[in-house]
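Chemist: Since chain A is already given, all that's left is putting chains B, C and D on it; use the hints.
Protein sequences appear in the order of chains A, B, C and D. Positions 1 to 102 (our numbering) are the ones given, in order, by the first sequence. Positions 1001 to 1416 (our numbering) are the ones given, in order, by the second sequence. Positions 2001 to 2190 (our numbering) are the ones given, in order, by the third sequence. Positions 3001 to 3666 (our numbering) are the ones given, in order, by the fourth sequence.
None of these hints come from the bench; they were simulated from the model. This structure is a prediction, so every number in the text was calculated from the model and none was measured. Glycine included, every Cβ here is placed at the ideal spot set by N, Cα and C. Misleading hints may appear alongside valid ones.
A few chain C residues facing chain A, derived, Cβ under 7 Å [unchecked claim]: (1) Val2036; (2) Leu2128; (3) Leu2172.
In case you want the letters, here they are:
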Amino acid sequence: MMLQVILAISAVLFCFGLLATLTRSNAIMVLIGIELMLGAGNLNFIAFWKFSTHPELLTGIMFAIFSIALAAAEAAVGLAIVIQVHRRLRSVNVNRATQLKG
Amino acid sequence: MNFIDLLKRIPEICKTPETLPLEGKKLILDFVTWLGSLVGIAVPPWVLTLVNILVVIVAIIAVFLIMFALMSVWERKILARAQNRYGPNRVGPWGLFQPVADGIKMLTKEDIVPRNADKVVHFIAPIVMLVPALILPVLLPYGRGMVAIDLSVGILFFFAVGAGSEVAIFLAGWSSRNKYSILGAMRAIAQMISYELPLVMSAVIVALVAGTLSPTGIVEAQGGYQFGFFPNWFVFTPWGFVACVLFYFSALAESNRSPFDLPEGESELVAGHLTEYSGFKYALFFMAEYVGMFAINGLLVTLFLGGYQAPLPFLTFIPSWCWFFIKLAFLAFSLVWVRATMPRFRIDQMMQFAWKFMLPMSFAALFSAAAWHYAGRGLLGWGISAVLVAIPYFALGYFCFTRHHSADNRRYLFSE
Amino acid sequence: MHELFQKIIALPWDQAPQWLFLIPAFVMLMGAAAAVMLRNLIHCALCLTLSFIALGVLFMALGAEFVGFVQLLVYVGAVAMLILFAILLTPAGEVAASNNPLRNFKFSRAFAAAGGATVALLVLVSLLGAIFFSPHARAVVPPAQAAIAPVKAIGENLLNHTLLPLQATAILLTAALIGAALLAKEEKKS
Amino acid sequence: MNTFLLLALVPLLPFLAAGITALLKREQRGLSATLVIGAQTVACAISLFLFAGAITAKSGAIVHNFPWLTFGNDTLRLGLLLDPLSAGMGAMVSFVTLLIFIYSVGYMKEDRNFTRFFTFLSLFSGAMLGVVYSNSLLLTFICWELVGLASYLLIGFWFHKPSAAAAAKKAFITTRVGDMGFLIGMFWLYKAAGTLLFYDNGAGCLEQAALATMAKTMVGGLAVSNIIALLIFCGAAGKSGQFPLHVWLPDAMEGPTPVSALIHAATMVAAGVYLVARVFPIFTATGAPSVSLTVVACIGAFTALFAALIAVAQTDIKRILAYSTVSQLGFMMLALGVGSVGAAMLHLIAHAFFKALLFMGAGSVIHGVHEEQDIRAMGGLWNKMPLTFATYAIGMLALAGFPLAFSGFWSKDAVLHAANLWPVSQLPFKMAAAAAFLTAFYMTRQMFYVFFGSYRGHTHPHESPVVMTLPLVILAAAAVLFSLVATPAWPWFEDFLAGHNAGFELAALREPGFLHVALTSTAIVFSGLLLGWFIYGRRPLSGVDPIEAASASAYNTLANRCYIDELYDATIIRLVALTGEISAWIDRTILQGAVNATAGFSFLISYLSDGIDRFLINFGFDHSCNALREYGSGIAGCEGGRVQGYLRVLGVGMVVLLAFLGWLLV
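With the rest of the complex left out, here is chain A (with noise of 0.2 Å):
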């Protein structure tokens, strides 16, 4: 049972990043969103690492530790993209930038 709750809790998470990415416009939003996703993965993560039957193995811990490390990379880079982007369209609208499409 323990198990559900926290998936559930992770999935609202995941709910809440997914629709801050799907809705808001601002480009800093969009990426807010995706960090919330990536919480919710980690805590996955962790709640399985907890519930597994070799918790020694520290399998989960690794990942979460890689994937918070790569999610602050991924910060860095997307923020300075933003910080690019308002500097060429003076806007953080996502749908503003559109130059890439076929």
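Modeler: Relative to chain A, chains B, C and D alone:
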């Protein structure tokens, strides 16, 4: 068990000062048990745990608040001495009750919130500032067996929680809707992030050598004496000395103390992120800064100065927790001393110092520590380690801080 | 009065710490909801920070102390600060009117938001369905372990089993650092 | 260290240096020179070490073979060889090369492309040492061609001068003509002997079994061995400037003087002689005075005399030396032709020393009088450039064959002695004697023009720097000292080549055959010198050459190199041009007509298929394309560049997938 027995234990406890705080805590717990028996119920264990926690929290907060009060008057006295004047001496003997007077003044001041300010955030900011500062002291080992929570990831805990104060500063600066505030906050955050790197790096070195992240473990690793009299503190190794100095500077910058007090540089930014605060909220900020400063210096004592270990074998008769506070007091004094003597940095100098000197030096110290470890931690390791930190030191000094252009390029405008 | 006291004490309190994680979880979800819903960007970022802190505490409550502190250190100390700085550096200037009048029509934006919300809701429902009603949900879950991850074990694991990922991450972080610095750098007007 | 590694290192080091220097920037002059000279020094040290080893070694040759290419069941092997011949030659080549490298530092100091020059030099050195130490005709050929390439690059080093570029092309093409014969000979040898390795434990092409087979097989009345020998000799003649193919060598003097000294006097041109000496067993497969050897002897003798004649009337200081080189190479070929490898190699080494000396002396003179090459604009330099004069005089006396103290005397006598003993004919001996006389004469002429009398130029001559004169002094010493090991009394070098130790035997000097020749040649030399003094030394020289004054037509014929180039122009080149014209005409009329007819036919077919395409296929295809485009543009509307839109679809897809999964499981 009756009350009289409890009272009788008090003089016994006082006979052995080394374990006095621990025994005192036990006494309080027994007192609670006695209270339960008075009501007629057996006190469940979780209540005792809760009481235990509360006692520790109250003790730590009380000690640090008292230290804060003493420090505020002591700092003014020392500064006054440095500037050849008396300092506060009206309230109480030697002005000792000055903090009480200050407190009353602060509490009775009008609490002003700017009209345009984001009121909720403006209100939350001092609380967010104070909470991490008060959480930090729980992981310091004050004496033998005297640590509130013996965390295995204590050092990490310290930096993780310490990160909260950056958020608080941002909250304060942004919510004030004042350009001085926001500029001050930005400066403070930039400075804290920059100096967090050497800070963490030098702590990492110690963790590496001690093989643990637990503060108690680190202090225990510094126990014992070389040749029977020379303490095994990390500050007495070359890498440890460098890391200690780096940590000290970074701690100055992290707690926004002079000469790194640019965010509050009154000649440029009025009072930085504190500009729009007054009264009790200002007092909270003030308190949080001082408590944070004690905490970070306590960590310095733990990491490098041997924590509660006595400096010489024959001095062990002084209780270990006294040693901790003696060292902390010495550091506090040195902070005031530095404040009285050093002028403020310029912002670009400060950033350069962090990125171009402190960070490379901390890496150098890391390598040096590794060399020290693998060379057997003896005299040979000591020598290699010394060389390994001396070379980067002189190289960095030459490349970063020596003026390579000729003196002709300088213009003296007013100082001639 | 006395009975009530007895009853409260008789509750299965020893089970309670297991469920204490619901407190940070609740705070985290509230923070996330606020971060998503609020209009003011700074408030969003602050709520996100709160959510991150709560998530870190949640990790600790689940027994992963190290990950929890790393979460606090990285997210609160760095990512939240980055987001706040980015928000301050990208002031939402006057949005120039697009050529297409339909694009500026409020209704279409509201429509898009509603569509996104619907999708998110659908995903949530399907996820929850999968969690609670799928056949796997009835599978036997091993009991919660007294899962303690000693720092030493993590360190040894990092340098033994996951050494290659660790190195790769180090390179990635360096690349990200340089890349971010290059990207955010003001271009020289030639 | 094993010998193979040492042997391989000698050519590889200069190659490596060339490779590295090729990557250097133009400004890194010091570095490039240091690298190249350093590599050469090491290579020279190793080759001298190997030479010393070869002297002391009792067993004849050390052979190391290794596989190079494998095709099918056949393995093509290359190899390295250390025997007295290659050891002596290698030591000389690497030593002279090293001296000339050092000299080049001074000579090329002002040149912009200093680095490139040293790259080429090092490339040349590696290739040349490869030729020397090779134990396979194939490896020899590869290095041979590399030597040719380096020679081409170095002659054309100042390619901005049209004459230099033309000379480079000429050298390259002329030697290619000879190499064609070499290549065919090599193929034939591979077919006849089944291997190209020289020595391979009895299975090599120079060993008894293969030679016997080749001597027995007859093609068109000639033994195969003789045909192959003659074909290989074509290559050698091209490289060594023997008579029909000598025309490139004098023109090659357009290159920088160190190049002339290195390639076109001391080493590369001697490669032909070395090659013939190397494959000498093929020449003698059918007995000592074989057909091929007779040809070699005749061509050598004729070249010696012919080139000496032309040298008499040249006015360019380097051209005189060039024709002299051709002439001396003729001597060597003559020695080979009459069957004396020892005399040929003796003259080769001696000649390498004093001719390199003469060329470098000429370079020093040219440098000293500011790039003037015409000897009529020099004169009286003996007191302005004393060191150059002294060393040049030593070289000149050595070349002229001045008795006793100079190596040239002994080596030339060895050649004459061998020619005199040739059983077939006395004519080559007489021609060689005449050439020796002319040699003394034209060298005297040159000396008087350059160093005596009064200065006729307009600049201020000066002595060259030490870096240039030092190699001169060393080479002068070598030219003199080499005579110690070259006398018949102690024929150490010849016996070393033959593989046995020489005894000191003064009586050999009094042997009638030798004494007769030696006295004759002494008389010849002295008469040449005297005649030279008589014509050029008595009176101060004016603008007109005394011989020209005496007999203008003869002089002009000689001065124009007997019109050989013009002859080639009129015959071979015109023939080639005519062939070209004819093939061009065939191309234009016959082939082009055929091509046009084919093209017209295909045009017709394509016109037809185009019609089918257009009216049958395209109609339907166009329609479907248009339809696709319309639908495509409709679908492209979904592709709005909006990330969130994509993500939304992704979310819906995830829901659908989960639902499907649930339907599957429940």
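Chemist: Evaluate each hint against the coordinates.
Modeler: Taking the hints in turn, this is what the structure says about them:
A distance limit of 7 Å between C-beta atoms decides the matter here; for Val2036(C) the minimum to chain A is near 4 Å, and the interface restraint holds. The restraint placing Leu2128(C) at the interface with chain A holds, with a minimum CB-CB distance near 6 Å, inside the 7 Å limit. At a threshold of 7 Å, the smallest CB-CB gap from Leu2172(C) to chain A is about 6 Å, leaving the interface hint in force.
This entry satisfies every hint, going by the numbered hints stated previously.
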